[in-house]
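Please build the complete structure, drawing on both the sequences and the hints.
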Amino acid sequence: MIVLDHVTMQYPTGTKALDDVTFHINKGEFVFIVGSSGSGKTTLIKLLLKEMNPTSGDISVEGKPYSKMKRKEIPMLRRKIGVVFQNFRLLKDRTVFENVAFAQQVVEKSMREIRREVPAMLTMVGLAERYKQYPKELSGGEQQRVALARAIVNRPDIILADEPTGNLDPKNSMEIMRLLEDINKRGTTVVVVTHNKEIVNLMQKRVITLKKGKIISDEEKGGYRDED
Amino acid sequence: MKINTLGYSIKQGLKNIRRNLLFSLASVGTIVACLFLFGIFYSIVLNMENEIQSVEDSLTISVFFAEGTDENRIAQIGDELKAIKNIDTLNYISADKAWSSYVEDVYDGNEDYVHSVFGDDNPLVNSSSYEVTLKNIAKQEETVSQIEKIDNVRRVNSSDGTARSLNSLNRLVGYASMGVILILLLVSLFLISNTITIGISVRKEEIAIMKLIGAKDIFVRAPFLVEGVIIGLVGSLIPLGIIYFMYNSVIQYLTEHFTIVANMMHFVPVGQVFKGMAPIALLMGVGIGFFGSLITTHKHLRV
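Chains A and B supply the protein sequences, listed in that same order. For the first sequence, my numbering begins at 1 and goes up steadily by one. For the second sequence, my numbering begins at 1 and goes up steadily by one.
There's no promise every hint is true.
Stated by the list, open to error - Subject to a maximum C-alpha distance of 30 Å in a straight line, what follows is the list of computed DSS-like cross-link-like pairs (lysine-lysine):
no. : chain 1 : residue 1 : chain 2 : residue 2
1   : B       : K2        : A       : K132
2   : A       : K64       : B       : K135
3   : A       : K109      : A       : K50
Everything labelled a hint here was simulated from the structure, so no lab data went into it. The structure displayed is predicted, hence computed values, not measured ones.
If you want it as structure tokens, here you go:
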């Protein structure tokens, strides 16, 4: 599903954010990628979303190598990956409904599809009643649930969550993780990039640990390896 | 692009203009200024061209023959003249006709006096001629030298001063207006680009999310292209409207207050002016808007 093959990313400043990283994530897996700041997590996300290209090595999703991907194919790749951010990145001037619908407008879905699918997603994340509200009227946990609904509304094959619990209290963090687990059970591959030790230890999923751009461990049903 | 997406782009384009009203108005203002000047120059040049055309239509060249040229040769000369490409019409003026026209023009009412002096003699006996009109007055010199080369042609009379001065004045107005318009076009392009850049920076977060969700280039760009086109369209409709309503008033003012203008000029009706001017102005306005935003979005919005 997702393959990183000897990926190295060196910035023009000389900083090596990723150093010969190789791993394979199967379809339907739930994987944590953990590491302290500067471990290369953010770079990894940018590479997976093809916001930039690795200095060497290659990445492929569903067998399609990024190195052979044309620029016009990038939107189609991104439609396969639903993204959730630490700071939610909701549009403040739009309601809950409009924020989720936005993801469908962007991929040019019809109004009929939008009217059918958005309420279903909001029901799934438990916010069906609050569709008229604006992000500022919601708690952090609720905002993240809207962001999650936006990420899954186009039914992507992969969910890539970048520190999804970073701005949330433990209760809301667990709710979000349960939702992600739920989504995973329906067949979607879930990759969570985090440094939330408690969550990682509790979930008992595959854990890939990065340190200074290198993989230092890759464990099935692992826990958070505190290397600091 | 789907209809749904087109609707979205138009809505967002209008929203961009509202959000960025001051800059949008500045862009519209420059296009208005640019196309208003274009409209004025266009009207001036068109009216002058019309005037030149009527002067050209009235200008003739007279071709006189050498003494003793017989009628057969004169007919041959007529054929040789017809073979010259720039010659439009040819009219033979016999010596008798030339004299009677002269008497009519110069001694109108005193024909008896002329008769008492000249009797039945024709002082213009060697003045039969061809009166020639040209297709293109600008090529008059060239045509005259071609006529002069024909055997038995004694003299060629042409009066090209008026047409030549009008032509060169019109060219000057044309070049000057093109220069001013070009500068204003560049200023408009720059301002539109600035407006779009600001619009992009205001919507930076939204655009970033769009791209990460999988928006195609065209989907991200379309609202800005719509914004540019609307600015260009409004910027061209305003000066067209102003000129349309001002044109007749200005002509009326000029003919009432300047008798020389009233005597000299035959103004082109506003409908005829707009036939050419409106499509060009609309194309220029919409073009500036479209290309201004196309260049800017290309620079800033690559997925």
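These are the hints, each one checked on the structure:
no.	hint	result
1	K2(B) to K132(A)	27 Å, holds
2	K64(A) to K135(B)	69 Å, violated
3	K109(A) to K50(A)	23 Å, holds
Hint 2 from the earlier list is the only one contradicted by this structure; the remaining hints agree with it.
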